[in-house]
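Input sequences plus hints: build the corresponding full structure.
Residue numbers (the numbering used here), protein chains in the order written: chain X, 193 to 600; chain W, 1330 to 1657; chain Z, 189 to 453.
Everything labelled a hint here was simulated from the structure, so no lab data went into it.
Just so we're clear, the structure is a prediction, and the values are computed from it rather than from any experiment.
The beta carbon of each residue, even a glycine, is placed where N, CA and C say it ideally should be.
Some clues are possibly wrong.
What the hints assert, rightly or not - Think about it this way: if two alpha-carbon atoms lie no more than 30 Å apart in a straight line, the pair counts; the simulated BS3-like pairs of lysine-lysine are:
1) Lys295/Z x Lys1521/W
2) Lys451/Z x Lys1631/W
3) Lys1654/W x Lys446/Z
4) Lys511/X x Lys295/Z
5) Lys501/X x Lys451/Z
6) Lys1590/W x Lys204/Z
7) Lys1655/W x Lys451/Z
8) Lys385/Z x Lys509/X
9) Lys1631/W x Lys388/Z
10) Lys295/Z x Lys1623/W
11) Lys1623/W x Lys553/X
12) Lys511/X x Lys204/Z
13) Lys204/Z x Lys1655/W
14) Lys451/Z x Lys1590/W
15) Lys1616/W x Lys451/Z
To be verified - Partner residues are not named here, just some residues of chain W that face chain Z (Cβ under 8 Å, in silico):
16) Ile1448
17) Pro1496
18) Gly1504
19) Val1522
20) Asp1634
21) Lys1655
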Amino acid sequence: MDFSWTEEQRLWRRAVRDFAQNEIAPRVREIDTEERIPREIVEGMAEMGLLAPTVGEEYGGVGADWMMATIAAEELGRADISLAVPVLYLVEAAWGFIFYRYGSDRLREEYLPRVTQGEAFLGIATTEPGGGSDILGACRTRAEEAGDEWKFNGEKTYISGVRESLDWGGIHLMLARTEPDEKAGHKAFTFFAMPLKGTEGITPTFFEDMGRMGISTGGFALDDVRLPADHQVGEFNRGFYHAMEGFSAARTLIGATCVGAAEATLGIGMDQIKMREAFGRPIASFEGIQFPLADLYTDLEGTRLSTYKAAWTMDQKYKHEEATHHDIALAAAMAKLKAPVLGFKVMNEVADWFGAMAYTKECPVEMGIRGIRSYSIGAEGTPNIMRLIIARELLGQEFLPTLYMEKA
Amino acid sequence: MKSDIFVWVEQFEGEAPGASWEAMGAARSLADEHGGDVVACVFGADGLDDLAQEAISYGADKVLVTSDPSLADFRVEPYAALLAQAVRGFEPETVLVAATFRGRELGPALAVKLETGCIADCTELVSEDGQLMATRPIYAGKLMSRCVIPERRPQVFTTRVRAFPKPDPDPGRSGDVVELGPLMGEDEIAVKVAGFRESEGGVSLADASIIVSGGRGVAGPEGYEPLRELAETLKAAIGASRAAVDAGWIPYEHQVGQTGKTVSPDLYIACGISGAIQHLAGMRTSKVIVAINKDPEAPIFKVADYGLVEDLFDAVPALRKALEKKLT
Amino acid sequence: MHIVVCTKYTPDSEAKMSVDEAGNVSWGDSPLIINPWDEYSVEEALLLRDEYGGTVTVISMGPEEALEALKHAVAMGADEAIRIWDDACEGSDTLATSYVLAKAIEKMGDVDLVLCGKSAIDAQTWQTGVALATRLNYPSLMYTINIAALDPDGGSITVERLLEQGRQVVEAPLPAVVGTIKGINEPRYTSFIGIRKAAKMEYPLWTLEDADADPEKVGPSGSGVRWPEVFEPPVREGEAEIIEGETVEEEAEVLVEKLLAEKVI
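Next comes the structure, spelled out in structure tokens:
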């Protein structure tokens, strides 16, 4: 057991912090108001190797391992508590990895160099109007073979980066049913690389979000959309499993970015309670302030450790083959279960310390509250789905409640 | 052992900066206390007679003048060679140079040529146990250091601009003017001056006794306009915080702070500057600080003497009007 | 073209500095970083290398902590990095430091251009660059805000130097020592790829012997200046007197009265 960072990790954290605090942090309010991430920030991220960093160097990535990717996620959350830049980062880091791992050569060559340069967006599209958590029940989008092409019909919704993909170009990794037989269970879905820009038959929709305004949320309907065969990502009818791999990666990064945002907010709050006086003393000297601070910090540190444990577990799997997908799923689910809810709690507490000011846009905390709520609601899995995964790993598949529902 | 003090008098187009006279004043005080002559060194192309007399009026007992076309513009190579030669000939105990840009080049170059010590940016020079003890800021003024050159002579000090009072000139003083020949011919000097582009008007930050400075609160390049008008009324220089420079609202030449210029004017008016520690490091030694900021919690109010909790776009024009009423 | 960049490490510019009772300087838990002014030199060296070809070597005289500066420069893109240190170097002033750096550069032998930051944010003497140029008998081009022309083959350089009154344009033969200032470029952030290289690279250590330097000319015996005491300056106390009035015009008039009384206008 060794809690120290390697030299590479230490230097990387410093570099990302340096960049994020200087170039992103001062512009978070602007990002929130203008509802876009300034081009210079995307370009700066590209230069540093912060866009889809898990992609290999042959496609313009840097081949970051998960510890390094997680460090960056934490630092980006620390700088942008609205979580817009972190969403851009972690969606591309997690799903870029899946595409790098399973995409066809031609498509990887076409898209990854542009994604890592910030000239194309790479996202994930699994959720549908019928739901997100229950993929088996909700994923109704169909892909059918039509000659040497694929033909798609259906609809995806609550998808991050629809506007970005339409503006910049790029792809969403889209899950579609490829096996009509319900008995096929999870082995009925395949992943596809779906370009939204310029693709015939795509009708986008947009939502006005509550938070993390700098990155868009939308959806798209597919009406006889046709794509060449090489747009299939990974194995036929194995899309569900590839998706689970990507979700584990994204959940780990979400854990880190929520911890970073929560720590940053706690820092702002600590400055405030030391400065602000009531009844002739700094409010930091009241136990009613101190004790929640101590509790929250303790929980935060615990969550931080479990998040890095998840990243470490992923590296054990992908670098050394010394961990399984189950190990990863468990570790990542714990990080994702804890960090967003705890982060929201921290931000709420800090808002109390600021008093009325926290309810105004003079204070940054409201951006954090609006942003982090997206991850405690859902986005890459609801808290209850995380609990389901954790319980499944502890008790075994045979106790999955869904099994009993099917039997009933 | 002589205890004479050399003072290099900088000149640009025949005029010396106030900082050179501040150094002269420091030398004069030391000489009055401990004996020895104050010897001014003036280098330039020609027409240095007035400057030599001015040096005497500010306290020099003797002036060494070297006129040569090769000395028209400051270049460290011929200037340091010439000053080193003069020092070797006259053997002063101490050399003072104002810590202007040129002075900060000349002092260390001279010290290397003479294999002696140079203490930069002194804010105080006092005699202690027969040694000159210098005080100088380090870590952007967050700490101070006391320095001494115990053995090597002569000892070189550069005096921080506006750290020493500028003496009142006494036109009645008299002194000797000695002409020295140049040391290097133009063909021996490696660096050639190809031109000079003067900054656009206005008072330079280093010399200014009043600075009107703007930060994030000016909100754009055009936000400096009311500040410029106020500066014109006050004959002040324009300063800026790093935030404003980094945003591209005003050139770097105007930046005050740890990564900009350190200033010490009589009056510093901070408009829309929150007061980051790096900015404070560059202006905290100002005699009087006025802060104008909408945010009553801004840290600038902790170092300011007077504060206006107002929008700078209201307060700055109002201040200019009030000044015009009073000053005219 | 072989470009050498002189760097040093300093505490972070945001560090809260203090002095303990024994007179030791502390920067709390702030990290050690490359002197921020040196980043401009490193960046300029990289830009020149990319335009004209060649290598960039960063050097630093200092104890093990100096690796922080070297690693940062390598992570930015420098090719080689050499640390120079010997216990005898402890207590060197700029006279001695410039001697050691000059000896190391002479030992390298094939140097076309030396770049330095204008000053270091810790001791802030502004001396090392010009002292080094004087030692090497190279042209000293301090306060360079723009390298207007460079001709490595013809061996000449033209720079704009920022002085109080404006920009002095000067030409000089190579090799020369250029002191950079903020405004000359925008230093890049260190990248993932650069950091990977910096973390893995070997950083050769040159002793005084390796640099053919005389131990008598470094450390206290080679220095002119001693610094017997460092102290915290008295803090500017208290809060501003907030001028209050019915209108902003009234407040302005009160303020003018106060400033007249202070005799600063």
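(request) Just pull the numbers of the violated hints for me, sorted ascending. (result) Going through the list in order, the structure violates hints 4, 5, 9, 10, 12, 13, 17 and 18 and respects the others.
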